[in-house]
Amino acid sequence: MTAPVVTGTHVLTGTHGTIAAREWSPPVPRSLALVVHGYGEHSGRYGELAGVLAGHGAAVYAPDHRGHGRSAGERVVIEDFEDVVTDLHAVAELAGAAHPGLPLVVIGHSMGGLIAARYAQRHGAGLAALVLSGPVIGDWRLPARLLAYDEIPDVAVSPAALSRDPAVGAAYAADPLVWHGPMKRPTLRAFERTLATVAGHGGVGALPLLWLHGDDDRLVPLPGSRPGVERLGGGAHTERIYPGARHEVFHETNRADVFADLTHFLDGALAP
Numbered sequence: 078m079t080a081p082v083v084t085g086t087h088v089l090t091g092t093h094g095t096i097a098a099r100e101w102s103p104p105v106p107r108s109l110a111l112v113v114h115g116y117g118e119h120s121g122r123y124g125e126l127a128g129v130l131a132g133h134g135a136a137v138y139a140p141d142h143r144g145h146g147r148s149a150g151e152r153v154v155i156e157d158f159e160d161v162v163t164d165l166h167a168v169a170e171l172a173g174a175a176h177p178g179l180p181l182v183v184i185g186h187s188m189g190g191l192i193a194a195r196y197a198q199r200h201g202a203g204l205a206a207l208v209l210s211g212p213v214i215g216d217w218r219l220p221a222r223l224l225a226y227d228e229i230p231d232v233a234v235s236p237a238a239l240s241r242d243p244a245v246g247a248a249y250a251a252d253p254l255v256w257h258g259p260m261k262r263p264t265l266r267a268f269e270r271t272l273a274t275v276a277g278h279g280g281v282g283a284l285p286l287l288w289l290h291g292d293d294d295r296l297v298p299l300p301g302s303r304p305g306v307e308r309l310g311g312g313a314h315t316e317r318i319y320p321g322a323r324h325e326v327f328h329e330t331n332r333a334d335v336f337a338d339l340t341h342f343l344d345g346a347l348a349p
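Going by this note's numbering, 264 is the number at position 187 of the sequence shown; the sequence numbering is gapless.
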């Protein structure tokens, strides 16, 4: 049974303007979780995941990245992901000040997986575990393909690519906080630089790492992510690959299994 959850919002001063963050907290949290959303979306799409985590004892904090959701900045423009990592660390410090002494887990989806991986490289000493869902890491070729055009094609993310649940795609398509336009050149260049940075800065040592991925993910294909995850985890990571699942495993038709795998992993990672 899910514990009672208190939701709240925070506004922080980020590296390039204000950062809005959501909070979902149980009455007496035993851990902290940072949920790191993907490209073009926002943290409000992760209420169900946050409810599962809060029911498992975590105080959950989830920022909207610069240029996303309710945070400041030109829509979907990220010129340097290092600044996004710095903003995420500010949210971690906010959570730690509110709930001192609790272990911290970072859970990153898609672009958020790239941010979370870089966060673990920069701040891994303060983490208890890292979870990557459909992560943009390793060999992701979309930025290079789009940057080859003189003008970036006006092609938005297909809602049908997210999940086999048609309600997920319909809600995404109707969400005014989701970006439905083309990708932007500065962000694509930042993706290329940060993919190279993460690849060049080695693994995360003994930090427990869980990789979740759908084997029908056409936005961030599984074979491209694998070398990045294996490099980051040093071959010691835990992985769960879901047959038939698309990009957003936390919103998939089998998400109950995904949530069970996640909480089981966290039980082991957070054990005394």
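Quick caveat, the hints were computed from the structure, so don't treat them as lab data.
It is possible that part of the hints are untrue.
Pair by pair, the computed Cβ-Cβ distance ranges are [unchecked claim]:
| id | residue 1 | residue 2 | range |
| --- | --- | --- | --- |
| 1 | H87 | R222 | 34 to 40 Å |
| 2 | P349 | G201 | 17 to 23 Å |
| 3 | E316 | A167 | 29 to 35 Å |
Where is the CB? At the ideal position from N, CA and C, for every residue including glycine.
Outcome of the hint check:
At roughly 37 Å, the beta-carbon separation of H87 and R222 lies within the given 34 to 40 Å, and the hint holds. The hint said 17 to 23 Å for the Cβ distance between P349 and G201, and at roughly 20 Å that hint holds. Restraint check, E316 to A167: a C-beta distance of roughly 30 Å satisfies the suggested window 29 to 35 Å.
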